[in-house]
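Engineer: This is what each chain is made of:
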Amino acid sequence: MGLRDVFGGDNLVTTKLDEAIGWARKYSLFPYPFVTACCGMEYMSVSSAHYDLDRFGAAFPRFSPRQADMLMCVGTVSQKIAPMLRRIYDQMCEPKYVVAFGVCTCTGGFYNDYSTVQGIDTILPVDIYIPGCPPRPETIIQGLMMLQDKIQKQKHEY
Amino acid sequence: MAKKAFQILRQNFGVSIFEAYSYLGDDICVVDKRDIHRILNFLRDEPTLNFDFLVDLTCVDYDKRDPRFEVVYLLHSMQSKARIRIKTPVSEMDTQTQTVSDLWGIADWYEREVWDMFGIRFKGHPDLRRLLMYDEFKGHPLRKDYPVDKRQPLITATETNNSQITPSVDLTQKAMDEYVSEQNGLKVKHMFLNMGPSHPAMHGVVKIILELDGESVVGSDIGIGYLHRSFEKHGENIYYNGVFPYTDRLNYVSPLINNVGYALAVEKLLGIEATERCKYIRIIMSEISRIADHVTCVGAMAMELGAMTPFLYLMQAREGMYQLLEEVTGARITISYIRVGGVKADLPAGFESRVHKELKSVRKELKSVHKLLTRNRIFVDRVQGVGVVSKEDSVSYGFTGPLLRAAGIEYDIRKTFPYSNYDLIDFDIPVGKNGDVFDRYLIRMEEIEQSCRIIEQAIEKLPGGNLMVDFEGNEIPAEKMADLGKFGQTAGLLNQVALTDPTLSGSNGSSYSQIRNEDKRVSMPPKEKTYGSIEGLINHFMLIMEGYGIRPPKGESYFPVEGANGELGFYIVSNGTDRAHRVRCRPPCFSFVAAFSKMIEGAQIADIIPAFGSINMIAGELDR
Chain A
1 MGLRDVFGGD
11 NLVTTKLDEA
21 IGWARKYSLF
31 PYPFVTACCG
41 MEYMSVSSAH
51 YDLDRFGAAF
61 PRFSPRQADM
71 LMCVGTVSQK
81 IAPMLRRIYD
91 QMCEPKYVVA
101 FGVCTCTGGF
111 YNDYSTVQGI
121 DTILPVDIYI
131 PGCPPRPETI
141 IQGLMMLQDK
151 IQKQKHEY
Chain B
1 MAKKAFQILR
11 QNFGVSIFEA
21 YSYLGDDICV
31 VDKRDIHRIL
41 NFLRDEPTLN
51 FDFLVDLTCV
61 DYDKRDPRFE
71 VVYLLHSMQS
81 KARIRIKTPV
91 SEMDTQTQTV
101 SDLWGIADWY
111 EREVWDMFGI
121 RFKGHPDLRR
131 LLMYDEFKGH
141 PLRKDYPVDK
151 RQPLITATET
161 NNSQITPSVD
171 LTQKAMDEYV
181 SEQNGLKVKH
191 MFLNMGPSHP
201 AMHGVVKIIL
211 ELDGESVVGS
221 DIGIGYLHRS
231 FEKHGENIYY
241 NGVFPYTDRL
251 NYVSPLINNV
261 GYALAVEKLL
271 GIEATERCKY
281 IRIIMSEISR
291 IADHVTCVGA
301 MAMELGAMTP
311 FLYLMQAREG
321 MYQLLEEVTG
331 ARITISYIRV
341 GGVKADLPAG
351 FESRVHKELK
361 SVRKELKSVH
371 KLLTRNRIFV
381 DRVQGVGVVS
391 KEDSVSYGFT
401 GPLLRAAGIE
411 YDIRKTFPYS
421 NYDLIDFDIP
431 VGKNGDVFDR
441 YLIRMEEIEQ
451 SCRIIEQAIE
461 KLPGGNLMVD
471 FEGNEIPAEK
481 MADLGKFGQT
491 AGLLNQVALT
501 DPTLSGSNGS
511 SYSQIRNEDK
521 RVSMPPKEKT
531 YGSIEGLINH
541 FMLIMEGYGI
551 RPPKGESYFP
561 VEGANGELGF
571 YIVSNGTDRA
581 HRVRCRPPCF
591 SFVAAFSKMI
601 EGAQIADIIP
611 AFGSINMIAG
621 ELDR
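Chains as they are written, first to last, in the numbering used here: chain A, 1 to 158; chain B, 1 to 624.
Hints in this document: simulated from the structure, not taken from any laboratory.
None of these values were measured; they are calculated from a predicted model.
We put the CB at the ideal spot given by N, CA and C, even for glycine.
Treat the hints with care, as some may be off.
[To be verified] Only pairs whose alpha carbons sit at most 25 Å apart, straight line, appear in this in silico DMTMM-like list of lysine to aspartate or glutamate:
| id | chain 1 | residue 1 | chain 2 | residue 2 |
| --- | --- | --- | --- | --- |
| 1 | B | Lys150 | A | Asp121 |
| 2 | B | Lys391 | B | Asp102 |
| 3 | B | Lys357 | A | Asp52 |
| 4 | B | Lys64 | B | Glu92 |
| 5 | B | Lys87 | B | Asp52 |
| 6 | B | Lys144 | B | Asp94 |
| 7 | B | Lys364 | B | Glu446 |
| 8 | B | Lys87 | B | Asp66 |
| 9 | B | Lys367 | A | Asp52 |
| 10 | B | Lys360 | A | Asp52 |
| 11 | B | Lys364 | A | Asp121 |
| 12 | B | Lys364 | B | Glu352 |
| 13 | B | Lys433 | B | Glu460 |
| 14 | B | Lys123 | B | Asp213 |
| 15 | B | Lys415 | B | Asp381 |
[What the hints assert, rightly or not] From chain B, some residues computed to sit far from chain A (all C-beta separations above 10 Å):
| id | residue |
| --- | --- |
| 16 | Phe18 |
| 17 | Asp27 |
| 18 | Val60 |
| 19 | Tyr62 |
| 20 | Arg377 |
| 21 | Ala606 |
[Unchecked claim] Output of the computed footprint for chain A on chain B, the stretches with three or more beta carbons under 8 Å from beta carbons of chain A:
| id | stretch |
| --- | --- |
| 22 | 281 to 289 |
| 23 | 563 to 577 |
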């Protein structure tokens, strides 16, 4: 005897709690855009009308780390700004996701020099790497969809 | 002019003038550092010379020479349009020279940068702190003995030693209690507010410590360098054509203009000139970039003031520009399209009609934005009379571009020192009169229209012909700019006749025999020759290998172009090898940010946002 028989009617969906939470979380990502450099131009492109990141529920930026759940690290992170990035990450509430946007945040890119952090994963955990210098809007959208996929499949704490 | 200036200087300073000569059209004077302040003061105030504008102040490290350093001042006269470069040697034993921060407002920050990067002390400087690097950084990175990849341990926020950081506004509790002003008999304590470096209304990473009396700004201290990516160090460590990708990322909103500026500076050093067709292509691409830059600036400023619609409209216009750029160069933003001596590839088929279509849509968006903003009371009230900088201050702070023109000075490199055939094109320079944010907005809007005009004329004038010259100035026929071999399609290339244009899709040399006329020491062989014959391969290697490649003669050159923000100059010192000894970029928005403290003094907090939007700070070019 299933739930459907107990409650009756057809307007009922059954699922696992983890999946339901994942589904809800993946479509309400509030990004904190930590925009430092060139990649910001593409971030502007994807978040405005032509590419429209809002279709994925992830375009409305929250400029307070406490209200955001996706840290979009957009652009080169220098040694000078790295402490601020870490501090912003620490201020965010769980669950939080980090997107390394652009090759500089993934590995440092071609800036192998005295002032550039060689990838933000040296200072904080990263969920999705979007390479490219800067990544094309399509790449960014794909990266975001991969993050959504990851959130959907995750075991959630509740 | 040059002879006269040299003569006057010799008459007045005699033994302090070590050398005075002209090189590649630039007037250069080497002077004693003990007299540098007097000489620069004289050059500024002497009515017959009147060098009232400090374009650039930098330093070069000649590590194997004594005296080791050379501080370089580039002066410009607004009246006579003349320029002079003053150089003063500074030895390693005594790295102290005189400050000129009392003569020009901008010298303050330039000197701080030179102290930070080279460790030259400026005696009498009011506030000699590091500018681009963080306070805990040890050493001076642009010195030749500092390795490019030597990173120092990260300083976490908790480890930061606060006693070492000394902002110009004193932040101790005692000092805060003392900051009291009296208004109408009421004692008001000042408040300190930290804005940035990651702040929603700051597009770009910059930190402002504000000292507030209620809501009005009493003083401020601006911290930059959060995007310092050592462009100048990289420029010294890579071969000449390899610097182009790094120049892209200076002003990343209009990267092509940076490419053009750098290419022109190296071409000046080599004494070569690009072909006619190439010059027009450079104009077209620069203006497309300029449109992209201006719409981004206006859109972002409007967005920060709460007007989202103009931002979305203008982003749509920019998208069209990016698509044009992508069609020609293969990339949307960081494009590296220009090469020393020419451009990478020709315009694609049907480009003209595409341009006209896109310009039409730009004009359409421009019209809607004018309707939305120009007479919008909410917008006008927030920008009119805000962030005013007077004519005198603009010159003292080294303003160029839209901000200088908004203050009422008609100065545009495209007109003053025309490059790349800009003198053959008819366009107007919009000039404002109030020097406020509203004027800057109007000037940017008008410049977009003028850029459209320039593109249309350049397309009409675009001649057929070759794109590249080799490093001796000889034209390279289009079909020799081959790319096919890159894709591994080498079979039977030597016998093949050229079928495609030298666009991004590649082309091939029409015949082997024509190539022999080229000077093998300087020009790259076509790709099919490289892949198809041992001679070509050797020739290719000789140009690509370490220590070979483009080798300009020993010397130095400075070339200014009109970037979207103003005068973008590249100062290149060559030591005769395949790598530059020093690459210096004169960033236009550096002076705006340096003057920002002055701009917002006495203003309200809310005025900071439009004022900051109007200076169009691009962190990549500001911090390099």
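Engineer: Next, verify each hint and record whether it holds.
Structural biologist: So, going through the hints one by one against the coordinates:
1. Lys150/B with Asp121/A: holds (19 Å)
2. Lys391/B with Asp102/B: Distance of about 18 Å is within 25 Å: holds.
3. Lys357/B with Asp52/A: holds (23 Å)
4. Lys64/B with Glu92/B: holds (11 Å)
5. Lys87/B with Asp52/B: The given pair, whose Cα atoms are some 17 Å apart, holds under the 25 Å limit.
6. Lys144/B with Asp94/B: Judged against 25 Å, a Cα distance of about 17 Å means the pair holds.
7. Lys364/B with Glu446/B: Holds, at roughly 14 Å.
8. Lys87/B with Asp66/B: Given pair lysine 87/B, aspartate 66/B holds - Cα atoms ~14 Å apart, limit 25 Å.
9. Lys367/B with Asp52/A: Distance of about 23 Å is within 25 Å: holds.
10. Lys360/B with Asp52/A: Given that 25 Å is the threshold and the Cα spacing comes to 23 Å, the pair holds.
11. Lys364/B with Asp121/A: violated (44 Å)
12. Lys364/B with Glu352/B: holds (19 Å)
13. Lys433/B with Glu460/B: Measuring from Cα to Cα gives roughly 34 Å; hence the hint is violated.
14. Lys123/B with Asp213/B: Status violated; Cα separation ~33 Å.
15. Lys415/B with Asp381/B: violated (33 Å)
16. Phe18: Consistent with the label, phenylalanine 18/B stays out of reach of chain A, its closest Cβ about 34 Å off (over 10 Å).
17. Asp27: holds (35 Å)
18. Val60: holds (19 Å)
19. Tyr62: holds (21 Å)
20. Arg377: Fine: 26 Å to the nearest Cβ keeps arginine 377/B off the interface.
21. Ala606: It holds; alanine 606/B is separated from chain A by about 17 Å at its closest Cβ, greater than 10 Å.
22. 281 to 289: violated (count 0)
23. 563 to 577: n = 0 at 8 Å, threshold three: violated.
Checked against the numbered hints listed earlier, the structure breaks hints 11, 13, 14, 15, 22 and 23; every other hint is satisfied.
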